[in-house]
Amino acid sequence: MPRVTYIDTAGKETTLDIDVGTSVMQAAVFNGVDGIVAECGGSCMCATCHVYVRDDQLAKLPPVGEDEEAMLEGTASERRPNSRLSCQLVVSAEMEGLVVYLPETQT
Amino acid sequence: MASDGVVIVGASHAGFQVAASLRQAGFDGRVVLIGDEPVLPYQRPPLSKDYLDGKIGVDLLLMRPEAFYRDHRIDYLPGVRATGIDRAGKSVQLAGGKRLGYGHLVLATGARNRVPPLPGIELDGVCYLRTLAETEALRQRLAAAEHVVVIGAGFIGLEFAAVARAHGKHVCILELTDRVMGRVVAVPTSLFFAEAHARAGVAFRFGAQAVRIAGNNGRVEHVELAGGDKLRADLVLISIGVVPNGELAAAAGLAVANGIVVDEMLSTADPAISAIGDCAAFPCRHADGNPTRLEAVQNAADHARCVADRLVGKPHPYTALPWFWSEQGPLRLQIAGLTTGQDQSVLRGDPASGAFSVFCYRGGELLGIESVNRPADHAQARRLLAAGRQVTPDQAADDSFDLRAAAAARVG
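Protein sequence lines, in the order shown, are assigned to chains L and V.
Just so we're aligned: the first sequence equals residues 9 to 115 in this note's numbering.
Just so we're aligned: the second sequence equals residues 333 to 744 in this note's numbering.
I should point out that these hints are in silico values taken from the structure, not numbers from a laboratory.
Mixed in with the good hints, there may be bad ones.
Simulated restraints on C-beta separations [to be verified]:
no.	chain 1	residue 1	chain 2	residue 2	range
1	L	A67	V	F733	45 to 55 Å
2	V	G500	L	V28	43 to 53 Å
3	V	A719	L	E21	54 to 64 Å
4	L	P70	V	E478	30 to 40 Å
5	L	A18	V	D620	26 to 36 Å
6	L	G73	V	R402	52 to 62 Å
7	L	A101	V	A583	40 to 50 Å
8	V	V543	L	G73	39 to 49 Å
9	L	A101	V	A498	27 to 37 Å
10	V	G585	L	V28	49 to 59 Å
11	L	G73	V	E579	37 to 47 Å
Residues of chain V placed beyond 12 Å of chain L at every Cβ, according to the derived structure [as the list claims (entries may be wrong)]:
no.	residue
12	M395
13	R413
14	A498
All C-beta atoms, glycine included, are put in the ideal place defined by N, C-alpha and C.
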């Protein structure tokens, strides 16, 4: 199972082993990682599962889709070049070692 | 009996969010969350979509895992009904005899299915889609069904119809009015969705009133319409809307009029009692301050945050922009704002392309925007409407007009 690490604004790290096919958002919610709200439940409707991906890892992620691009414009914390919605990051073997930083606020 | 704790009646989106937001804001008193279902709080939107379709299990429906409640000192009482409120003594009566004292009481009692007074409504095979238990029963029934009749062409009925068709079932939708989702969307959006579902093989009967559900050996066999037509059915979904759960509040002497009446702070006339989510009728800033009751995740969660803010000493009126979504097969409908009372609708984009938005106006004022497979329009719509900015009908219809720039423009 690929491992994904979540780092909050206080620097607290949580590393999870995630089943391939589960999203980075789902794993966070299911394991009680604070800082991911995911109000719409993963429908790419709310932009409350916003994360910043470690810059050198952006290339191994699937590209930003049309829905995600639209929702990223409405994030509560500043959108940056490495912003993604974690509901759209479905874990694959290539994502082993992914590191995501949680934003200041999601709402 | 009174305590300084917060008691929340109802553990769906609104109730759960109050508890979570209180802890996030540093509230240190006791938090008790009472739910009448026997499971951990779960998300409702996927019930009619991915869960019904078997794409996700219960684990991924849950709002949070069990440890969350322990870690955040939220006393969650599952399978418990509140039966009365003693306002003078500041306590809630629970079924079974227990009493719970409160410093503040939040009513997040939600709504229940509207059940039509039809003969045969009790037959096996008549289903609903609101709770996890109902969806579980529906999913099992759907697997064995061949002929499905859906009564009511709202979000739930249409979302279910899309799943049922994808599973190869014969689906017929009965709708009393002349169009789908007529209570919430403009005519062009209704027409587009009806055509799309029809192309996928769904049959529609508009202006159709069911008068009887008939069965054999206790199991549903057909639905009879006014006029005498009989539609074969081994599964009937009742999806004609909901009734707000206001009885607890009314019995305690609080005003209830299509929902528990609250002010712009979401407080009832009793300052120790708030009401939020589907059960609350609040003066909505995006509906000229008129009493408004909304059935939506956004409304539930934003109401919850507003009340949590007040309870930790940061009161503010509720002003959030309402938004909604529905996923029906490959179609995504996103709505920003409230379009009740619209007298003009303007198309942006061509419905024939499968992606368009409808800008809804009243007296030339932009009320809301419905987007079909145009997520960027929806994102801009939320920003425009939240900021109270206007786009003229001519600008809306001009696909080269830059919505993004309009949403970002400085006011005045």
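We went through each hint and held it up to the structure:
1. Take A67 (chain L) and F733 (chain V): their Cβ atoms lie about 35 Å apart, and the range 45 to 55 Å is violated.
2. For G500 (chain V) and V28 (chain L), the hinted distance range of 43 to 53 Å is not satisfied, since their beta carbons lie about 29 Å from each other.
3. Range check, A719 (chain V) to E21 (chain L): about 38 Å between beta-carbon atoms, so the 54 to 64 Å window is missed.
4. Between P70 (chain L) and E478 (chain V) the beta carbons are some 39 Å apart, a value that agrees with the proposed interval 30 to 40 Å.
5. Between A18 (chain L) and D620 (chain V) the CB atoms are about 43 Å apart, so this pair departs from the stated range of 26 to 36 Å.
6. The beta-carbon spacing between G73 (chain L) and R402 (chain V), approximately 37 Å, falls outside the hinted interval of 52 to 62 Å.
7. The beta-carbon spacing between A101 (chain L) and A583 (chain V), approximately 57 Å, falls outside the hinted interval of 40 to 50 Å.
8. Look at V543 (chain V) against G73 (chain L): about 47 Å separates their beta carbons, and that is inside 39 to 49 Å.
9. In this structure the supplied range 27 to 37 Å holds for A101 (chain L) paired with A498 (chain V), their Cβ-Cβ distance being about 29 Å.
10. Between G585 (chain V) and V28 (chain L) the Cβ separation comes to about 56 Å, which falls inside the hinted range of 49 to 59 Å.
11. Taking 37 to 47 Å as the suggested C-beta distance range, the pair G73 (chain L) and E579 (chain V) conforms, at roughly 45 Å.
12. With a cut of 12 Å on Cβ distances, M395 (chain V) falls inside the contact zone with chain L, its closest approach being about 8 Å.
13. Every CB of chain L is more than 12 Å from the CB of R413 (chain V) (nearest about 26 Å), matching its label as outside the interface.
14. Against chain L, the non-interface label of A498 (chain V) holds: every CB pair exceeds 12 Å, the least being about 17 Å.
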